[in-house]
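Engineer: Okay, here's what each chain looks like letter by letter:
There are 2 protein chains.
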Amino acid sequence: MEILKKRILEDGTCYEGGILKVDSFINHQMDPMLMKLIAEEFARRFANDRINKILTIEASGIAPAIMTGYTMQLPVVFAKKKEPKTMRHALSTIVHSFTKDREYPVSISAEYLKPGDRILCIDDFLAYGNAAFGLIDLIRQSGATLAGMGFIIEKTFQHGGDQLREMGIHVESLARIKSLENCQIIIE
Amino acid sequence: MEILKKRILEDGTCYEGGILKVDSFINHQMDPMLMKLIAEEFARRFANDRINKILTIEASGIAPAIMTGYTMQLPVVFAKKKEPKTMRHALSTIVHSFTKDREYPVSISAEYLKPGDRILCIDDFLAYGNAAFGLIDLIRQSGATLAGMGFIIEKTFQHGGDQLREMGIHVESLARIKSLENCQIIIE
Numbered sequence: 000m001e002i003l004k005k006r007i008l009e010d011g012t013c014y015e016g017g018i019l020k021v022d023s024f025i026n027h028q029m030d031p032m033l034m035k036l037i038a039e040e041f042a043r044r045f046a047n048d049r050i051n052k053i054l055t056i057e058a059s060g061i062a063p064a065i066m067t068g069y070t071m072q073l074p075v076v077f078a079k080k081k082e083p084k085t086m087r088h089a090l091s092t093i094v095h096s097f098t099k100d101r102e103y104p105v106s107i108s109a110e111y112l113k114p115g116d117r118i119l120c121i122d123d124f125l126a127y128g129n130a131a132f133g134l135i136d137l138i139r140q141s142g143a144t145l146a147g148m149g150f151i152i153e154k155t156f157q158h159g160g161d162q163l164r165e166m167g168i169h170v171e172s173l174a175r176i177k178s179l180e181n182c183q184i185i186i187e
Numbered sequence: 000m001e002i003l004k005k006r007i008l009e010d011g012t013c014y015e016g017g018i019l020k021v022d023s024f025i026n027h028q029m030d031p032m033l034m035k036l037i038a039e040e041f042a043r044r045f046a047n048d049r050i051n052k053i054l055t056i057e058a059s060g061i062a063p064a065i066m067t068g069y070t071m072q073l074p075v076v077f078a079k080k081k082e083p084k085t086m087r088h089a090l091s092t093i094v095h096s097f098t099k100d101r102e103y104p105v106s107i108s109a110e111y112l113k114p115g116d117r118i119l120c121i122d123d124f125l126a127y128g129n130a131a132f133g134l135i136d137l138i139r140q141s142g143a144t145l146a147g148m149g150f151i152i153e154k155t156f157q158h159g160g161d162q163l164r165e166m167g168i169h170v171e172s173l174a175r176i177k178s179l180e181n182c183q184i185i186i187e
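Protein chains in written order, with the numbering used here: chain L, 0 to 187; chain Y, 0 to 187.
So that you can see chain L by itself, here it is in the shape it has in the complex (with noise of 0.2 Å):
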């Protein structure tokens, strides 16, 4: 997806420790514009794949998720970082974050995750996956399909891609980014 490739090298910033910013336009300050044409190339992209909802987790999965589904015509759900003990019927899993090096609860309820459904998972990110397997693990315990995976931006060094895509995941990322080494943005 060109115009998201070139945004990332004109407004994405990048640290010490494969850490890029998009905090201008995708994931604190957010580009709604941008959002809908990466809604579309989602929608596009997972055409064939009768999806009939689309789950993703707070906070920054929400904004491409909502687009998505407007533009799919499919509802959304968004699992909660929470422990489940504050939500009725709850199914819940743990997800370990690299990034804030901590583990933390992740629950949805099983009113919106039924088998029979064919899920599409939206997310800004994926490094190393740890969020996908836990949204994985959700619908997993639920009994509904898991359909494909949409992600705006990967970082194919942190392997997270290939792990999915070996367990024969539908994985679709919009700009790939192969390296941020010396804080140098490279994409494929």
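In case anyone wonders, no lab produced these hints; they're calculated from the structure. Values in this document were obtained by computation on a predicted structure and should not be read as measured data. Treat each hint with caution, since some may be false.
Given that identical chains are not distinguished, each listed pair holds provided it fits within a single copy or across any two copies.
Claimed, not checked - Simulated pairs of lysine to aspartate or glutamate, EDC-like, Cα-Cα distance not exceeding 16 Å:
(1) Lys20 <-> Glu110
(2) Lys81 <-> Asp22
(3) Lys80 <-> Glu57
(4) Lys99 <-> Glu82
Use these hints to put chain Y onto chain L, whose structure you have.
Structural biologist: Chain Y in isolation, oriented as in the chain L frame:
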């Protein structure tokens, strides 16, 4: 907004202690088509307020805010529920949650709220107004101007809206809940 009121009466559920759950279409599972209609209504009501940026707070404010930003063709920023030390150039405040009976820090990068900005705050609920007062404090610290506040649902019996309107703020809420007594939803 009749379609929203109808949906709240049909799909909302009411619990002891003035709690209204709209989990199935607004803040856990979300209906993006309804969210777009909500955004169009906000755009209409704030059309004359010379807004140039939208501000919300994670997580359930993000969906209506990004849709409103898309409809009004404006950038959207969401304040994060985290300590300012993890953010560059952070402005920070403390919000007291009545629902959860705890205080939490809310931060935003000063890069994205500037003097000269005219801000529309968007959130899902207005109850006692605590999250709203947090956003007002962040705007005040930044030197930007608060131009309006839009809420999907206002619980008028919890009076946050009265306080905001007494401060002279242009407040719009799309469904005004007058009472949840005896677990019955009464909309104005």
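Engineer: Compare the structure with each hint and give your call.
Structural biologist: Each hint, compared with the structure:
In this assembly of identical chains, Lys20 and Glu110 lie within 16 Å of each other by CA distance solely across copies; the values are 13 Å between and 35 Å within a copy. Proximity of Lys81 and Asp22 under a CA criterion of 16 Å is satisfied inter-copy only: 15 Å between copies versus 24 Å inside one chain copy. For a Cα distance limit of 16 Å, the shortest separation of Lys80 from Glu57 qualifies both inside one copy, at 7 Å, and across copies, at 11 Å. Proximity of Lys99 to Glu82 under the C-alpha cut-off of 16 Å is restricted to the inter-copy arrangement: shortest distance 13 Å between copies versus 18 Å within a copy.
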